[in-house]
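Visitor: Chains as they are written, first to last, in our numbering: chain A, 1 to 228; chain B, 229 to 546.
Wrong hints could be hidden among the right ones.
Claimed, not checked - BS3-like cross-link-like pairs, simulated, lysine-lysine; straight-line CA separation at most 25 Å: (1) A:LYS217 x B:LYS517; (2) A:LYS175 x B:LYS279; (3) A:LYS191 x B:LYS517; (4) B:LYS279 x B:LYS417; (5) A:LYS218 x B:LYS517.
Treat the hints as calculated values from the structure; they're not laboratory data. Since the model is a prediction, treat every value here as computed from it, not as a measurement.
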Amino acid sequence: MITLLGLFVVVIGFTLRANPLLVVVAGGLTTGVAAGFSFNEVVAMIGQFFTDNRALMLPIILMVPIVGVLERHGLQERVAMLIRRATAATAGRVLWTYQLLRGVTSMFGLSIGNHAAMVRPLIAPMAEGAALVRPGTSSPPSRDEIRAHAAAAENVGNFFSDDIVVAVGALLLIKAFFDNAGVAVALSDLKLWSLPTALWVVLVGWWRYRRLDARLKKAAAAAKERAP
Amino acid sequence: MTLLTLDLFLVGCGVVLAAVGALVAWDVTHPQRWGSAIFWLLLAVAVGLGKWLPPIAVGYAVLGLTSLVATKRVGAPQFARVDSAVLTKRAEVLGNRLLWPVLWVPVVAIVGGAGLDWVKFGDVSLVNPKQVAQSALGLGCVVGLAAALRTTGERPLAAAREGGRLLQLLSWSLILPAMLAALGGIMAKAGVGGVIAGLVATALPVQFPLVAVVAYCGGMVLFTVLLGNAFAAFPVMTLGVGLPFIVQTHGGDPAVMGTLGMLSGYCGTLVTPMAANFNVVPARLLELKDDYAVIKAQAPFAGAIWLFNVGLMYGCVY
Chain A
1 MITLLGLFVV
11 VIGFTLRANP
21 LLVVVAGGLT
31 TGVAAGFSFN
41 EVVAMIGQFF
51 TDNRALMLPI
61 ILMVPIVGVL
71 ERHGLQERVA
81 MLIRRATAAT
91 AGRVLWTYQL
101 LRGVTSMFGL
111 SIGNHAAMVR
121 PLIAPMAEGA
131 ALVRPGTSSP
141 PSRDEIRAHA
151 AAAENVGNFF
161 SDDIVVAVGA
171 LLLIKAFFDN
181 AGVAVALSDL
191 KLWSLPTALW
201 VVLVGWWRYR
211 RLDARLKKAA
221 AAAKERAP
Chain B
229 MTLLTLDLFL
239 VGCGVVLAAV
249 GALVAWDVTH
259 PQRWGSAIFW
269 LLLAVAVGLG
279 KWLPPIAVGY
289 AVLGLTSLVA
299 TKRVGAPQFA
309 RVDSAVLTKR
319 AEVLGNRLLW
329 PVLWVPVVAI
339 VGGAGLDWVK
349 FGDVSLVNPK
359 QVAQSALGLG
369 CVVGLAAALR
379 TTGERPLAAA
389 REGGRLLQLL
399 SWSLILPAML
409 AALGGIMAKA
419 GVGGVIAGLV
429 ATALPVQFPL
439 VAVVAYCGGM
449 VLFTVLLGNA
459 FAAFPVMTLG
469 VGLPFIVQTH
479 GGDPAVMGTL
489 GMLSGYCGTL
499 VTPMAANFNV
509 VPARLLELKD
519 DYAVIKAQAP
529 FAGAIWLFNV
539 GLMYGCVY
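Pulled out of the complex, with its shape left as it was, chain B reads as follows (with noise of 0.2 Å):
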């Protein structure tokens, strides 16, 4: 039996957004309240009770979530911001101590993650070893909230406000990592990485290890390229290039492949716009003429990373 199920800290995790989904539910001001309310309140079901409902009813919640902020009915308020001077007026109250909430985390992680599956009560372990980092993560911020909250003298109430006004602005870009993991699930049973590996395997001599090293890399480039995403190329490129020619058929490290693939694939990220969060949204946020300007500046990063990872990976990988 373990205590501190990974299941546990996600029930907490849809505690948080349901508390952000009532608090929405009780604004009147708010403009799009009932959409906004909706979404956060289902979205905590489908987070925080997920492991126990049938998987249907999770794919349904999430279509109502994509449809809710397809149709523009999820939003955030004009939040009342706070005078600087009045903040750093505030910082000066607490000092450094502001810094020590947000230190706790990485030190509560980092200790209980080296040494949190060695703790057991008779037959009782506190965590369970495969999900002992990312429950001592869930653990460290359990920690820092009390801190947070302890430093500041805030009640419980305030969390979820001021997490809410975060959460409100990241909106759907938060569930959007979970959904490129289901894309790219779906294309694997699909299997599209087959059809790519078709393509490639007709097109190149990947009979040759550095081809196939190169055409790996290569396509994870391209691939993010194209949906703006590494973490939507890595499995089709890995299913469809990596796994058949570098691992089975060269009898390649997949430790190595996997890392140094997806290293590669952020090569591509750098030089995207689909990538808008990153090269597009900065550029205007920062008013520079050329909505390109920041992937040029990152253009010669991408190509030296790139080359270095290619090079790494043949030399290693075999």
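So that you can see chain A by itself, here it is in the shape it has in the complex (with noise of 0.2 Å):
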């Protein structure tokens, strides 16, 4: 049982809220050590598996300068131009869209964004717009349900997609476990058995999004018997 103490100390320090980058390193050190290897032994480890793994910054370091330079002349205002034109009808169709074009990218393992960059600037407001077209949907409990949701959308947009065209992360991760572990597996075989899923969290949104504009719906319909 010694041998989960590591996985102890992970779970604790999450729960305690420490820096995560903090609670790895302990909880990897903890591992090593409680299983009898000696401390060095353990951070030679750690600088080994460090090494093998370092390939997972790679799309994000070389990319950022690219954007950032973009951004310097008007990136996500031009982006946010196109976007507001195409914008549909409800709060779930916005959303709905947004799921669609963050998985698509992410199946070319491109990040279009996150909830900063993203959600908060662009996609919550767009939902919100889109809602408060009815009268009555503006309440506090509707628009944080909008918010919610559009803080979902990219999420499961960004998890369900990754990689099944071009591996930057999670596939190569699982390819390079199977590989310390001497089994033999394709990278496209990984791909191919992504994409039922994501097939699935297309129309499970479908479902989401839907009910959330019925239920929007319902609640402007409430408030207007409401409002003589």
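Since each chain comes alone in its own frame, lean on the hints to assemble the complex.
Guide: Below you can see the structure in the form of structure tokens.
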């Protein structure tokens, strides 16, 4: 059971809201030392695993200078303008479209945004704007619900179509894991088996955002009845 | 021999990181000037030259990075914000030409990923066939950067400055994925998977194929909820439950298992406050009254997607 000590360190560290990097490193050191390796052996293991996996950083480090320079010249503003032209009529449709867009770009291993860069300035206001066309839906519960779903659209779009065309993250990690374990898998098979879930998630999104639209419509009708 | 190895692109990453570190060291107004400068320069060495350094040196460098972060000596300055109206004006100047450099990256990555391993000059090949996807992406980024600099008329120094702005916002989270891989690797060497497998095997009748699939996919969710990260849960659960029971005992296909296992883990990410970046931070950022509002909106997604994954794995893995 002492082998699981590092795992407890990780759980306790996260529960105490310590810095995630510190928690993970402490968990690794504890696990290694508890398993009977010397401290220096564990540090060397950390070094080796870091070196073997440092290519995970490559897509970010080489991409940010491009994005940074273009943002300085108004990239986000230009994209915002283009997206606004294509605004659909309801909150649900805006969010479904964003989830699709986020999913398709993430298939190519690209991230078009995150909560800070995309959802708060762009997606949430678009969805709220579309819902507010109908009077009565501006009450905070509806507003919070729309915003929470906007955050969900970002996460769901981001997670479930990772790497299907261009592998940059999760699938490379799976492949590296199986290579280390001496199990032969082909990257193309991993990509293929990611596809059904990615399609299913599009359907689940369609259902969820339709439900959201229906609830908003109901709330609007109720508000209309209350107001004479 | 290979011309463009992955290591060459990683040296390029090291150069970018070193430039960021140098700019931070140069900046007398930076609130955490020396801690941050040392962080980025040390990371530049570990990423750029890691392959040629002894593992223990890289290991201590990583511990150094972690202690700088843990003692709050790494930070980002208050970047001067360009007014949105000014940016909108600037966007009008270049228009859709701004989008092209960003689009060049996937174009080169996709086309190159499909065809670069065919390029050969006698005995010298352009890329290593095993690294073709990553090398093509690296090449795409170089092309994209050249296009961005050409379109905007900026100098390379501006790329380092603007890239540094974004990297400093990411800070320690940049190296977290590699460190989670290290944690998983050490857990594998320490035999954590075996202990978990023992617990699961004694607690559940994994001799039934369906039970093995449910235990693996359920374990992925449970561990992701505990660790806040599916990447960390994956090696533990796959060594502990997936490989011994689904692959070895029942002869399952590791590709189907691994992919759907990871996707099951993501369902855990959707419902755990431990994945603070995805769930708690946006709730705050969007000024929601309930810190768990995003998790509540995502829970039905997680349930529906998890059931689909389990069904698909059971139907196709054996």
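Visitor: Look at each hint and say if it fits the structure.
Guide: Now for the hints, and whether the structure bears them out:
With a C-alpha separation of about 22 Å, the suggested pair LYS217 (chain A) and LYS517 (chain B) falls inside the 25 Å cut-off, and the hint holds. Only pairs whose Cα atoms come within 25 Å are accepted, and LYS175 (chain A) paired with LYS279 (chain B) is accepted, the gap being roughly 20 Å. For the proposed pair LYS191 (chain A) and LYS517 (chain B), the alpha carbon gap of about 39 Å is over 25 Å, so the pair is violated. Proposed proximity of LYS279 (chain B) and LYS417 (chain B) is supported: the alpha carbons are some 21 Å apart, at most 25 Å.
Taken as a hint, the LYS218 (chain A) and LYS517 (chain B) pair is honoured in the structure, with Cα atoms around 22 Å apart against an allowance of 25 Å.
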